[in-house]
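Residues 1239 to 1548, numbered by our numbering, are exactly what the sequence shown covers, in order.
Certain hints may be false.
Stated by the list, open to error - Beta-carbon label-pair distances, calculated as ranges:
hint : residue 1 : residue 2 : range
1    : Gly1268   : Gly1473   : 41 to 51 angstroms
2    : Glu1522   : Lys1284   : 52 to 62 angstroms
3    : Glu1362   : Ala1392   : 18 to 28 angstroms
4    : Ala1293   : Glu1362   : 23 to 33 angstroms
5    : Pro1542   : Ser1399   : 46 to 56 angstroms
As the list claims (entries may be wrong) - The calculated lysine-lysine pairs, modelled on BS3-like cross-linking and capped at a C-alpha distance of 30 angstroms, are:
hint : residue 1 : residue 2
6    : Lys1343   : Lys1354
7    : Lys1519   : Lys1447
8    : Lys1413   : Lys1253
If you're looking for bench data, these hints aren't it; they were derived computationally from the structure. From a predicted model like this one, the values you see are computed outputs, not experimental measurements. For glycine and all other residues, C-beta sits at the position ideal for the given N, C-alpha and C.
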Amino acid sequence: MAVLVIAEHDHAQLKGATHNTITAALQCGGDVHVLIAGANAAEAAKQASQIAGVAKVLLADAPQLGEQLGENVAAQVLALAGSYSHLLFPATAHGKNVAPRVAAKLDVAQLSDVIKVLSPDTFERPIYAGNAIATVQSADKIKVLTVRTTGFDAAPATGGSAPVENVAAVSDSGKSSFVGREVTKSDRPELTAAKIIVSGGRAMGSSEKFNEVLTPLADKLGAALGASRAAVDAGYAPNDWQVGQTGKIVAPQLYIACGISGAIQHLAGMKDSKVIVAINKDPEAPIFSVADYGLEADLFSAVPELISAL
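Whenever a hint applies, use it, and build me the whole structure from the sequences.
Take a look at the structure:
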């Protein structure tokens, strides 16, 4: 049977997480189909059709799918689920909103945060904040997965020529309605999609110091800004910058940790980064155990020196 990926998009553009999820789907066996559920989302469907490995794109286009409400998107997935052996969602806020609804309605166990596909029915996922990896085998007829995108390379955006098929959109569930959305505007790359991330911890001391020291470095590198939970809880950085088990899971090409001790919850969110640079004056800081390059120094002098050398 075929495998269905539920795409994440803003109607005009596919989100990067969809590409990683398609890579996971290709390893599950069978043709890979992509569902675009949205309003005026033909452009997103066109982009999905060009991704290498995609066999078909299903476009459900209707006003009631415009705001991506969990109840409506889940109903759309359920309307198609019978034709598929696997339903894959990115393990993002959107995917985590829809996948459990689908799994519950199908009366199957959801497999969360999959980082490796061993066979069509056997998967690996992290547990205990990434300190252990569980191998899970599912006997469910339809397998519902959320995919940790840092575990899979992104599928190439070009090279495919899949047909786009229009499918009937489900009616509005009437169980929820869209009230409003507050979107943070930033000139920086989105944290989960950034190739370079500069993060600060509790040692920054204040939001003023956080911005004064780290912003010039991020500007110089074209990087996104991140923070540990301790820095966010202290008010040094906004919530959407938080990296870690209870924040965002990232895997950039370069991760620079400034004044971050490396608590297990933080490491769970960034240890898959390709190159990790740690700056900390505590030689015993756990962050050094995962760092590719460690600098035992006062960040308030080391970071300005680094900026001047770039």
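Outcome of the hint check:
1. Gly1268 / Gly1473: 41 to 51 angstroms: At 49 angstroms between Cβs, range holds.
2. Glu1522 / Lys1284: 52 to 62 angstroms: holds (53 angstroms)
3. Glu1362 / Ala1392: 18 to 28 angstroms: This hint holds: roughly 19 angstroms between Cβ atoms.
4. Ala1293 / Glu1362: 23 to 33 angstroms: 25 angstroms Cβ-Cβ, so the 23 to 33 angstroms window holds.
5. Pro1542 / Ser1399: 46 to 56 angstroms: The hint (46 to 56 angstroms, Cβ to Cβ) holds, given that Pro1542 and Ser1399 are roughly 51 angstroms apart.
6. Lys1343 / Lys1354: Measuring from Cα to Cα gives roughly 25 angstroms; hence the hint holds.
7. Lys1519 / Lys1447: holds (17 angstroms)
8. Lys1413 / Lys1253: holds (26 angstroms)
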